[in-house]
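**Q** Going down the list, the protein sequences come from chains A and B.
First residue of the first sequence: 1, per this note's numbering; consecutive thereafter.
First residue of the second sequence: 345, per this note's numbering; consecutive thereafter.
Treat the hints as calculated values from the structure; they're not laboratory data.
Glycine included, C-beta positions come from ideal geometry on N, C-alpha and C.
Among these hints, one or two may not hold up.
Stated by the list, open to error - Using C-beta positions, here's what the derived DEER-type ranges look like:
id: 1; chain 1: B; residue 1: N531; chain 2: A; residue 2: E240; range: 38 to 44 Å
id: 2; chain 1: B; residue 1: G437; chain 2: A; residue 2: T195; range: 28 to 34 Å
id: 3; chain 1: A; residue 1: N31; chain 2: B; residue 2: N375; range: 53 to 59 Å
id: 4; chain 1: B; residue 1: T380; chain 2: A; residue 2: E146; range: 38 to 44 Å
id: 5; chain 1: B; residue 1: A613; chain 2: A; residue 2: K241; range: 32 to 38 Å
id: 6; chain 1: A; residue 1: G184; chain 2: B; residue 2: N531; range: 35 to 41 Å
id: 7; chain 1: B; residue 1: Y616; chain 2: A; residue 2: K270; range: 21 to 27 Å
id: 8; chain 1: A; residue 1: A135; chain 2: B; residue 2: V672; range: 35 to 41 Å
Claimed, not checked - Straight-line alpha carbon distances no greater than 27 Å define the calculated DSSO-like cross-link-like pairs of lysine-lysine that follow:
id: 9; chain 1: B; residue 1: K463; chain 2: A; residue 2: K147
id: 10; chain 1: B; residue 1: K491; chain 2: B; residue 2: K652
id: 11; chain 1: A; residue 1: K270; chain 2: B; residue 2: K614
id: 12; chain 1: A; residue 1: K45; chain 2: A; residue 2: K64
id: 13; chain 1: A; residue 1: K308; chain 2: B; residue 2: K450
id: 14; chain 1: B; residue 1: K652; chain 2: B; residue 2: K614
id: 15; chain 1: A; residue 1: K308; chain 2: B; residue 2: K453
id: 16; chain 1: A; residue 1: K336; chain 2: B; residue 2: K389
id: 17; chain 1: A; residue 1: K325; chain 2: A; residue 2: K119
id: 18; chain 1: A; residue 1: K64; chain 2: B; residue 2: K680
id: 19; chain 1: A; residue 1: K109; chain 2: B; residue 2: K358
id: 20; chain 1: B; residue 1: K680; chain 2: A; residue 2: K119
id: 21; chain 1: A; residue 1: K336; chain 2: B; residue 2: K585
id: 22; chain 1: B; residue 1: K450; chain 2: A; residue 2: K119
id: 23; chain 1: A; residue 1: K106; chain 2: B; residue 2: K652
id: 24; chain 1: A; residue 1: K147; chain 2: A; residue 2: K45
id: 25; chain 1: A; residue 1: K64; chain 2: B; residue 2: K585
id: 26; chain 1: A; residue 1: K248; chain 2: A; residue 2: K186
id: 27; chain 1: A; residue 1: K119; chain 2: B; residue 2: K491
id: 28; chain 1: A; residue 1: K330; chain 2: A; residue 2: K211
id: 29; chain 1: A; residue 1: K248; chain 2: A; residue 2: K211
id: 30; chain 1: B; residue 1: K463; chain 2: A; residue 2: K106
id: 31; chain 1: B; residue 1: K358; chain 2: B; residue 2: K491
id: 32; chain 1: A; residue 1: K147; chain 2: A; residue 2: K186
id: 33; chain 1: B; residue 1: K530; chain 2: B; residue 2: K585
id: 34; chain 1: B; residue 1: K463; chain 2: A; residue 2: K64
id: 35; chain 1: A; residue 1: K119; chain 2: B; residue 2: K453
id: 36; chain 1: B; residue 1: K450; chain 2: A; residue 2: K64
id: 37; chain 1: A; residue 1: K241; chain 2: B; residue 2: K585
id: 38; chain 1: A; residue 1: K109; chain 2: B; residue 2: K652
id: 39; chain 1: B; residue 1: K491; chain 2: A; residue 2: K64
id: 40; chain 1: A; residue 1: K270; chain 2: B; residue 2: K680
Here is what each chain is made of, one letter per residue.
Number of protein chains: 2
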Amino acid sequence: MKEHTVTIYDISEKAGVSIATVSRVLNNSSNVSENTRKKVLAAIKETGYTPNAFARGLGLNTMKTIGILTADSSDLYLAKAIYYFEEELRENGYDSLLCCTGYELKDKKAAIDLLISKKVDGIILVGSHFVYPDACDNKYIYGASEKVPVMLLNAEVEGDNIYCVSSDDHDSVYRATMKLVESGHKNVLYYYNTTSYSGHLKERGFRDAMKDAGIEVTERQFQFFDGSNEDIHGMSAQLEKAASAGLKFDAVIASDDTLALSAVKYAQAKGYNIPDDFSVIGYNNSMLTNCCDPEITSIDNKVETLCKHLTSILLGVLSGEEMPKKTVFKADIIEKGTTRLNKD
Amino acid sequence: MKEHTVTIYDISEKAGVSIATVSRVLNNSSNVSENTRKKVLAAIKETGYTPNAFARGLGLNTMKTIGILTADSSDLYLAKAIYYFEEELRENGYDSLLCCTGYELKDKKAAIDLLISKKVDGIILVGSHFVYPDACDNKYIYGASEKVPVMLLNAEVEGDNIYCVSSDDHDSVYRATMKLVESGHKNVLYYYNTTSYSGHLKERGFRDAMKDAGIEVTERQFQFFDGSNEDIHGMSAQLEKAASAGLKFDAVIASDDTLALSAVKYAQAKGYNIPDDFSVIGYNNSMLTNCCDPEITSIDNKVETLCKHLTSILLGVLSGEEMPKKTVFKADIIEKGTTRLNKD
Chain A
1 MKEHTVTIYD
11 ISEKAGVSIA
21 TVSRVLNNSS
31 NVSENTRKKV
41 LAAIKETGYT
51 PNAFARGLGL
61 NTMKTIGILT
71 ADSSDLYLAK
81 AIYYFEEELR
91 ENGYDSLLCC
101 TGYELKDKKA
111 AIDLLISKKV
121 DGIILVGSHF
131 VYPDACDNKY
141 IYGASEKVPV
151 MLLNAEVEGD
161 NIYCVSSDDH
171 DSVYRATMKL
181 VESGHKNVLY
191 YYNTTSYSGH
201 LKERGFRDAM
211 KDAGIEVTER
221 QFQFFDGSNE
231 DIHGMSAQLE
241 KAASAGLKFD
251 AVIASDDTLA
261 LSAVKYAQAK
271 GYNIPDDFSV
281 IGYNNSMLTN
291 CCDPEITSID
301 NKVETLCKHL
311 TSILLGVLSG
321 EEMPKKTVFK
331 ADIIEKGTTR
341 LNKD
Chain B
345 MKEHTVTIYD
355 ISEKAGVSIA
365 TVSRVLNNSS
375 NVSENTRKKV
385 LAAIKETGYT
395 PNAFARGLGL
405 NTMKTIGILT
415 ADSSDLYLAK
425 AIYYFEEELR
435 ENGYDSLLCC
445 TGYELKDKKA
455 AIDLLISKKV
465 DGIILVGSHF
475 VYPDACDNKY
485 IYGASEKVPV
495 MLLNAEVEGD
505 NIYCVSSDDH
515 DSVYRATMKL
525 VESGHKNVLY
535 YYNTTSYSGH
545 LKERGFRDAM
555 KDAGIEVTER
565 QFQFFDGSNE
575 DIHGMSAQLE
585 KAASAGLKFD
595 AVIASDDTLA
605 LSAVKYAQAK
615 GYNIPDDFSV
625 IGYNNSMLTN
635 CCDPEITSID
645 NKVETLCKHL
655 TSILLGVLSG
665 EEMPKKTVFK
675 ADIIEKGTTR
685 LNKD
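With the rest of the complex left out, here is chain A (with noise of 0.2 Å):
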């Protein structure tokens, strides 16, 4: 049987302080008299209350401080979503602490394992790698849970204290196919590098755009890159392998801007006039898609809104307000140079 967890109420009850004062307690907000302090921390002691996400901002046991992994910090979406966590939280008044843990589970729980030992309040899980489709893998995830809120980017997990923010995959990838469909390419190739969670997401997009718009499509036209995500050259040459040996493709969907530049680049060297034999899309929005000529029209989940949420929604968490555990946005498709789609 579970024991009776003490909680803020406990705590407000106790002291014949309101909700709000605990929390701002427990915030180290200055905007509390000396006195009051006393009363909720004395409280607090009383109860036994054990140290959790929410006492940690005492500084009874460590200091205001979240833990972010990520798979990758090279990979520049990622690199950027880290970048906004951290500037959110700073603004906040938190410190972070980041592990870069690699694609290997066992490193990925050592990272969890290691933040939790340092005391960390909260913990986010930058990008997708980190759910697996294996109910089992994930296990880390809950145990993390058990002691911290989780906040998990672009992934989806539920369980108690676990809350995700995200943007539509499935939704933008299948938009996105659709207008290229309807501007006229019938032989689009999905070319990805990642099987994540989010990568799946993409994929099932692709799949039931081309469905719905009752295109049949062959296996052939999932291509797969699996070299570095820094790679142009080898990607380029792989479409261009593709083509060789006899796949007919006038439209190429990416689930990253490294590959629809690499797309680019083949379509350029065979001598295509862009956007009109052949068209590119790319994921991401990032600065990649500025670097050649034409720019290249890409998906834009919108990584700073996400950030900024998800970081919102930890910060009420760990104020003891109730958020919500599951948020998704809907992204927008940035149309640049290698396509001429129909408007909406």
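For chain A, the structure is supplied; the task is to place chain B on it using the hints.
**A** Just chain B, lined up with the frame of chain A:
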């Protein structure tokens, strides 16, 4: 008067084993018998060996963890450096905790304090933004070095327990500028976006080369871009504005590949022939250099080599070995399509 500090030598003597063996125990190497390990641990306890960098790996005080600081994790170069550090450290059994500090001195100080409070065994400062021209502002680095070894990537500070690994930024820009001049470009513009320590070295390299080539430069030839490091359009616009205001230039040498990329876009918009009418050299040889057509000649300062070398120096220091205080690598000029340089 300073107390006698217990060293690895004292422990070696007391335990009756070699320094190498003590070092193996300190590093939790599996290649030590349980008996020997016990003897060494006993000697450490007996001598009252105060927890320092060496002892930490034992779990006497904490785990094997290195603190990494960087100003901006979304910078391509810094993100890559972090990636290599994390990878190298993980392979050597060390965890890492990263703080992204932003550019404010107070936030850098707070992050170092935070990492030291989390009992890291060493600190790596990634990028030259941590070193200030006014020595007083570097006190926080000395403060940290009294507690743990401090490693600097691409920066230089002299002091006990401080180790610097860098690429010779002055030399590389000097050589690149000379080669541009020798290939027929007299009106070279220097385009930069940082006034960091390494930024100053690069600028001085340019100045010295022009001076040695007997070419007078005006201050207008030094264009400082003050905007976001992703704003390619803004960077191109600034060059366009300088040209409209009467500044003549037929080559750009840039402190960063993003600026070089914007110079390529500027020249192409003007209809200049690259590399004959207009040449461009970037810095870092990042993936951005492969994004446009022609691809960009760039200075490769070998971030991977630097990071691996710095990590091995840090691991040496933590094992009690004597390691070099200053290590300088020579950068390469990687010629691609935006120059036609004379061969050496």
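**Q** Can the restraint linking K336 of chain A and K389 of chain B be considered satisfied, given a maximum Cα separation of 27 Å?
**A** Roughly 67 Å between the alpha carbons, so the hint for K336 of chain A and K389 of chain B is violated.
**Q** Just tell me: holds or violated, for the beta carbon distance of G437 of chain B and T195 of chain A against 28 to 34 Å?
**A** Distance hint for G437 of chain B, T195 of chain A holds at roughly 29 Å.
**Q** Between A613 of chain B and K241 of chain A, is the Cβ distance one that fits in 32 to 38 Å?
**A** Between A613 of chain B and K241 of chain A, where Cβ atoms are some 34 Å apart, the hint holds.
**Q** Within a Cα-Cα threshold of 27 Å, do K119 of chain A and K491 of chain B meet the stated pairing?
**A** 21 Å, holds
**Q** For the pair supplied as a hint, K325 of chain A and K119 of chain A, confirm whether the alpha-carbon distance does not exceed 27 Å.
**A** 23 Å, holds
**Q** Check whether the Cα positions of K652 of chain B and K614 of chain B lie no farther apart than 27 Å.
**A** 42 Å, violated
**Q** Holds or violated: K463 of chain B with K64 of chain A, Cα cutoff 27 Å?
**A** 16 Å, holds
**Q** Holds or violated: K336 of chain A and K585 of chain B, Cα atoms, limit 27 Å.
**A** Holds. K336 of chain A to K585 of chain B sits at ~24 Å (cutoff 27 Å).
**Q** Given the proposed pairing of K491 of chain B with K64 of chain A, does the C-alpha separation stay at or below 27 Å?
**A** 23 Å, holds
**Q** Keeping to a limit of 27 Å between CA atoms, is the pair of K64 of chain A and K585 of chain B held or broken?
**A** Between K64 of chain A and K585 of chain B the Cα gap is close to 46 Å, so the pair fails against 27 Å, i.e. violated.
**Q** Return holds or violated for the Cβ distance of N31 of chain A and N375 of chain B against the range 53 to 59 Å.
**A** For N31 of chain A and N375 of chain B the Cβ distance comes to about 57 Å; the hint holds.
**Q** Has the given pair, K680 of chain B with K119 of chain A, been kept, meaning a C-alpha gap of at most 27 Å?
**A** Given pair K680 of chain B, K119 of chain A is violated - Cα atoms ~49 Å apart, limit 27 Å.
Checked against the numbered hints given earlier, this structure breaks hints 6, 8, 14, 16, 18, 19, 20, 25, 32 and 37; the rest are met.
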